[in-house]
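Sequences and hints are given; from them, build the entire structure.
Quick note: the UniProt record's numbering has the sequence shown finishing at residue 242, numbered continuously throughout.
Among the hints, a few may not be true.
Claimed, not checked - Calculated cross-link-like contacts (lysine to any residue; reagent style SDA-like; alpha-carbon spacing at most 20 Å):
1. 122 x 156
2. 23 x 156
3. 150 x 116
4. 23 x 78
5. 128 x 100
6. 79 x 101
7. 122 x 48
8. 72 x 60
What the hints assert, rightly or not - Pair ranges (Cβ atoms, derived):
9. 142 x 64: 14 to 24 Å
10. 129 x 50: 41 to 51 Å
11. 85 x 201: 39 to 49 Å
12. 59 x 198: 37 to 47 Å
13. 201 x 50: 32 to 42 Å
14. 212 x 165: 16 to 26 Å
15. 12 x 240: 13 to 23 Å
16. 165 x 238: 22 to 32 Å
Derived from the structure by calculation, the hints contain no laboratory data.
Every residue gets a Cβ at the ideal spot worked out from N, C-alpha and C, and that includes glycine.
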Amino acid sequence: MKVYAHRGYSGRYPENTMLSFQKAAETGCDGIELDVQLTRDGTVVVIHDEAVDRTTDGTGLVKDYTFEELRKLDAGTIKGGRYGFCPVPSFEEYCEWASQYGFVTNVEIKTGVYYYEDIEEKTLDIIKKYHLEDRVMFSSFNHLSLERLKELAPDIPRGALLEHAGLGNAGYYCSRYGYACYHPGIRGLTEETVRNCRDHGIGVNVWTINDMESLENTYEWGCSGIFTNYPEICKSWLDHKG
Numbered sequence: 001m002k003v004y005a006h007r008g009y010s011g012r013y014p015e016n017t018m019l020s021f022q023k024a025a026e027t028g029c030d031g032i033e034l035d036v037q038l039t040r041d042g043t044v045v046v047i048h049d050e051a052v053d054r055t056t057d058g059t060g061l062v063k064d065y066t067f068e069e070l071r072k073l074d075a076g077t078i079k080g081g082r083y084g085f086c087p088v089p090s091f092e093e094y095c096e097w098a099s100q101y102g103f104v105t106n107v108e109i110k111t112g113v114y115y116y117e118d119i120e121e122k123t124l125d126i127i128k129k130y131h132l133e134d135r136v137m138f139s140s141f142n143h144l145s146l147e148r149l150k151e152l153a154p155d156i157p158r159g160a161l162l163e164h165a166g167l168g169n170a171g172y173y174c175s176r177y178g179y180a181c182y183h184p185g186i187r188g189l190t191e192e193t194v195r196n197c198r199d200h201g202i203g204v205n206v207w208t209i210n211d212m213e214s215l216e217n218t219y220e221w222g223c224s225g226i227f228t229n230y231p232e233i234c235k236s237w238l239d240h241k242g
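Rendered as structure tokens:
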């Protein structure tokens with residue numbers, strides 16, 4: 001079972017920052033999960049919420065900031081500022097750094113609330129610039145973005161991201177529309193759903209695994225991977241299991 005660091009090592013470090021990604025890589029995790037949006041001037045940036053209020057010392061929407069303005073905000077405040085100033089990274093900054101490593105990056109396209117124009121093309125162009133096509137996977141709650149990415153890059157795997165309620169007959173759905181993986185929330189997931197996906201040749205990567213019961217269940221059910229805020233703990237437990 002693969003371990004993906006959810007927004008980097010976000011349980012300990014400021015989420016979706018280069019510090020969080022660097023610390024995640026040090027744990028030996030199998031991959032990193034991050035979120036991309038667009039600034040007002042069309043820069044692909046790594047941030048989860050459509051508003052900057054929760055994760056930075058700023059206010060307002062990501063789409064209303066230029067990249068230069070966004071870089072002045074401190075994403076380190078979410079952890080009380082104890083790691084110093086942490087800027088919001090551009091996706092290009094992340095890809096340039098990630099190109100040195102062999103892990104997989106799960107890129108979540110954040111178009112479920114606001115549909116950014118050409119975000120799929122812009123994101124893919126950066127991935128290609130750093131030759132990361134064979135080390136990325138796309139996911140999104142907006143499956144139309146995934147359909148667009150299928151047109152643009154049919155060889156890059158895509159994961160159908162679902163809320164905790166999940167989807168009935170998820171394995172058939174994913175196989176029918178060419179998704180490599182099903183990405184459900186843990187609260188609504190059952191062993192039957194995992195089995196249904198496996199019967200259709202679909203991997204199951206589950207979010208967000210931050211407690212031992214959930215970790216044990218996903219392992220015993222045969223899930224392909226987990227997204228966790230604590231990659232070091234999950235990786236150590238899985239290594240111990242052999």
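Handout entry: C-beta pair residue 12, residue 240: status relative to the range 13 to 23 Å that was hinted
Key = 20 Å, holds
Handout entry: 20 Å Cα cutoff - pair residue 150, residue 116
Key = Holds. Residue 150 to residue 116 sits at ~17 Å (cutoff 20 Å).
Practice task
Using the beta carbons of residue 59 and residue 198, state whether their distance is inside 37 to 47 Å or not.
Solution key: The hint (37 to 47 Å, Cβ to Cβ) holds, given that residue 59 and residue 198 are roughly 45 Å apart.
Practice task
With 16 to 26 Å as the target window, see if residue 212 and residue 165 comply at their CB atoms.
Solution key: For residue 165 against residue 212, whose Cβ atoms are near 24 Å apart, the range 16 to 26 Å holds.
Exercise for the section: Below or equal to 20 Å on CA atoms is what counts here, so check residue 23 against residue 78. Expected result: 16 Å, holds
Handout entry: Restraint status (C-alpha distance of residue 79 to residue 101 at most 20 Å)
Key = Since the Cα atoms of residue 79 and residue 101 sit roughly 26 Å apart, the hinted pair is violated (cutoff 20 Å).
Exercise for the section: Starting from residue 72, check that the Cα of residue 60 is at most 20 Å away, please. Expected result: 14 Å, holds
Exercise for the section: Please test the hint of 32 to 42 Å on the beta carbon pair from residue 201 and residue 50. Expected result: Given range 32 to 42 Å: holds, Cβ gap about 34 Å.
Practice task
Would you mind confirming whether the straight-line C-alpha gap from residue 23 to residue 156 stays at or under 20 Å?
Solution key: 26 Å, violated
Practice task
Starting from the range 14 to 24 Å, see whether the pair residue 142 and residue 64 falls in it by beta-carbon distance.
Solution key: 20 Å, holds
Problem - Cβ separation of residue 129 and residue 50, checked against the hinted range 41 to 51 Å - result: 26 Å, violated
Practice task
State, for the Cβ atoms of residue 85 and residue 201, whether the hinted interval 39 to 49 Å holds or is violated.
Solution key: 46 Å, holds
Checked against the numbered hints above, the structure violates hints 2, 6, 10; every other hint is satisfied.
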